[in-house]
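*Asks:* Chains A and B, in that order, give the protein sequences.
All letters in the first sequence, in the order written, are residues 1 to 261 by the numbering used here.
All letters in the second sequence, in the order written, are residues 262 to 581 by the numbering used here.
Hints are not guaranteed to be accurate.
What the hints assert, rightly or not - Covered stretches of chain B, going by a simulated chain A footprint (3 or more residues, C-beta under 8 Å):
hint : region
1    : 335-347
2    : 395-409
3    : 525-538
4    : 563-569
Just so you know, these hints were derived from the structure itself, not from any lab.
Quick caveat, the model's predicted, so the values are computed rather than measured.
Glycine included, C-beta positions come from ideal geometry on N, C-alpha and C.
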Amino acid sequence: MSLRIVVCVKYVPDATGDRRFADDLTLDREDVDGLLSELDEYAVEQALQIADGADDAEITVVTVGPEDARDALRKALSMGADRAVHVEDDDLHGTDVMGTSLVLARAVEKTGYDLVICGMASTDGVMGVLPALLAERLGVPQVTLLSEVSVNEGVVTGRRDGDTATERLEASLPAVVSVTDQSGEARYPSFKGIMAAKKKPVESLDLEDLELEAGEVGLAGAWTAVDSATERPARTAGTIVKDEGEGAKQLAEFLAGQKFI
Amino acid sequence: MAEVLVLVDHVDGAVRKPTLELLTLARRIGDPVAVALGAGAEATAGVLGEHGAVKVLVSDAPEFADYLVVPKVDALQAAFEAVSPAAVLVVSSAEGKEVAARLALRIGSGIITDATDLEAGDGGPVATQAVFAASYTTKSRVSRGVPVITVKPNSAPVEPAAAAGAVEALAVSFGEGSTGTKVVSRTARESTGRPELTEAAIVVSGGRGVNGAENFPLIEALADSLGAAVGASRAAVDAGWYPHTSQVGQTGKSVSPQLYIASGISGAIQHRAGMQTSKTIVAINKDAEAPIFELVDYGVIGDLFTVVPQLTEEINTRKG
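This is chain B alone, in the form it adopts within the complex (with noise of 0.2 Å):
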């Protein structure tokens, strides 16, 4: 069976869990051999093996942490060249995107980004895109080259299936290019306790209704009784309420959850471009006007500020 690339998304060794969808999606099109780069990067092999990872090639250069991107472009074409896959995969990260794209062009070959789904075709592997703020469903292929992929977060249901997970030295000849853009110093950010936002299965956001930023804690508290991650629109972060980094939109996050829960989110364009995909929708706004609810599975034509907490109180008391 054909051997297909996955880079491996983790920190300090821990896989975050849309390498884990990646490998469950690899599957479909063959045998997953992962790419681990930077620190910790052999302890993920364990996790990798156990979700079907046949190889784990890994290399721990200090260059991944140093510099920008391109080393990990280096790498991940020295794997391409020993392996000689059928496809290869990335996670839809910002970074994630970058490196394959400079890979794609690299080895000749056409990319295919924010996939969320995947299948064996004929022609190799088809993947299935949102576009137009998710108007439309479109099928691709890549039509040159060795297909390069990357799948968004929540595609696909994590799978363990046991494989050999054998680690390997992967031998990586750093390129001139790859000390161009060197990396000063990186700060951590600070962990709220919540799910990373574009991979959690539950979200909650606020916008412009809730307010003003001392009653985000209302929004909080709800996605802590479901575990979920805290998102925000645009107006909410432009209006410095709630930080960018969890901007869901057109120009901040694009999420796909198993459910999206919008307080007080009109649902503008921009805002739809980025949850539209979620699988099941749900809004409470006092504006029974909201376009949101053109998109809801369940509307609560209400007061965020009455709806918001009996609804904490009510899962909290079922959880409980």
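So that you can see chain A by itself, here it is in the shape it has in the complex (with noise of 0.2 Å):
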């Protein structure tokens, strides 16, 4: 039986870019480029893996984002994916984490699954929530943040590295993995990827086709409000020295001064 893999990924603006908000205090996408969110792409790469180790494998890649985001898309498909679901819609604009949840988690049942991967987070927001959202969404088991995951005879296993433990986790498929940017360097497309995800399909989804309302997700759907956003000043400049023989010796006396010594 084959193996249904959903890969989700996220476009994100390109972290070496200027981010800013916009002045309704979302972000602001105007001015930046964007791209696929780099911890996605070891996501891509594991489905990838287990899709080769099945005997019969399907990797779908979904996106929830505007028209853009189409670009992530095509990316993991150049690396191997098969196919793409675009869920895109002018009311998903400001959707926060538990709104992007909920959509994911329709896209995901109507696409069809035994395994949803994730990256551990997104390169903007950052937040590392969404994996165990959907699995709580879904209704089943998260095993998340894996440094090496694989799946055999629907159970999926994988190593979690904790704070204070290293864990290995046991789960049976249907499940929400999300892999850590230890799990193994992602692929670079080939030329023949690329020429190849031209002709794979793109899905495109509305709100309506997930039978999701307006409300519900969006900027007037989110359930936390950003008040303000201001920008950091600058750093006020700092003192630097040339190391002519003292520098250890000035670097200990700011130290001193600080009291961390």
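Reconstruct the complex from the two isolated chains, following the hints.
*Replies:* Next comes the structure, spelled out in structure tokens:
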């Protein structure tokens, strides 16, 4: 039987650019380039490896985002995913993590899945809670923050490196998995992969397709509100000395003055 | 006064510092009621009471260790229903955030993660966050339900405040989903004797400039002279010079210590995202153009192989 893998990915602003807020205190997407969140590349990679080890598997990559978010899907398809689902709707603007998890859960259910794979966090919001929320909504086990993952005969196993201990985890499919940047380097798309991606199907869904009301998502449907966003004042220029033999001593003097020694 | 639920982060009854910081913040909003789960839960009550917990709800059911995350969500939900608090506070650890998020969803509440400060507001607690690699500071509120907020370590001072700390057993009925993910084995990380990275008051980090695993003892010696934790940049971790658990940055750990010393780290955006909220930043780098110098309170342009050992010696002498 075919193993149905769904990878959830996010289109994020490039962190090397200047990210800022729009007037409504949502992310300003106008002035900054977007790309597939780097941490999601690891999820795509693990999906490809799990699919390679399965008798028969299909990888669907899903994203929620504006028109440009299609770029993130294309990247995942060029890495080797089979097909893509793009959830796009004007009413999604300003959706918070609760709303995003709702939309993704509906999209994943509609697609059909045995295994959902996510990155450990997005590189913009960096909350890292979406995989757990998705598992809660889908009512399936969460096997999250894995640095190693494998699937055999309907059971997913993995290694989770926590603050104080390393755990070996095990759960039966269906399940939601998230992987860290230690799970294995993500492959670069080959030229052949990039060409093949152009022919792969990308399905577009809106809120109506997912049987969701506008009020359940978007800025109005968010369960949190940002009251203000202030650009951090530039740090007052620090003292910088060149070491000409006294550098360490001068630094020790500074640390002592600040009561660190 | 309203009650505020605080989930206790502890190891076999030893309460970790970020939880004591949470109690300081919780008192700004109401009366802290602590929830301690797992082996040693009851042993936490003493120190929690000394830091303002009016009540400590405990459950040491084996499910908390045997299965991942969900049993703790079931327990926190049981505590939530028993207490009807004005807010729920959890430490921003990886597990803490997952527990908090699932609880928030179950009780129909919004969640704020990685708060760096918390104050009482007219419409409930107002959380400060540092976003976009700490280039912005935001103030946010939970607008629906009872606020669930996770707070980063080092966001508040630990302030003792005597309270009853009365222990009460928490009755938890575990849901069907609680046994979904089995913890097959758990290996405690070997202790380095140094403070844990995310909660350390001082962090000393090494990067590409350290130029090999064999040179990391230089960084460790400086850390030990200051009683600090050791961190590493992604370049150093990817090169295999230091374990990933010590990686500071966007894809590693986010730290916010009183003092951060970066040695041989250029300060790429990836790294800055994980340390920019440090109170005092110091860098040692031979490249005067390294972007890290834009952030520093004090910078030394120089060879870390000269400066770091001299600094370690100087500190040890002054302490001696």
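*Asks:* All the hints need checking, so say for each whether the structure fits it.
*Replies:* Results for each hint:
no. : hint    : verdict
1   : 335-347 : violated (count 0)
2   : 395-409 : holds (count 12)
3   : 525-538 : holds (count 3)
4   : 563-569 : holds (count 5)
When each numbered hint is compared with the structure, a violation occurs for hint 1 only.
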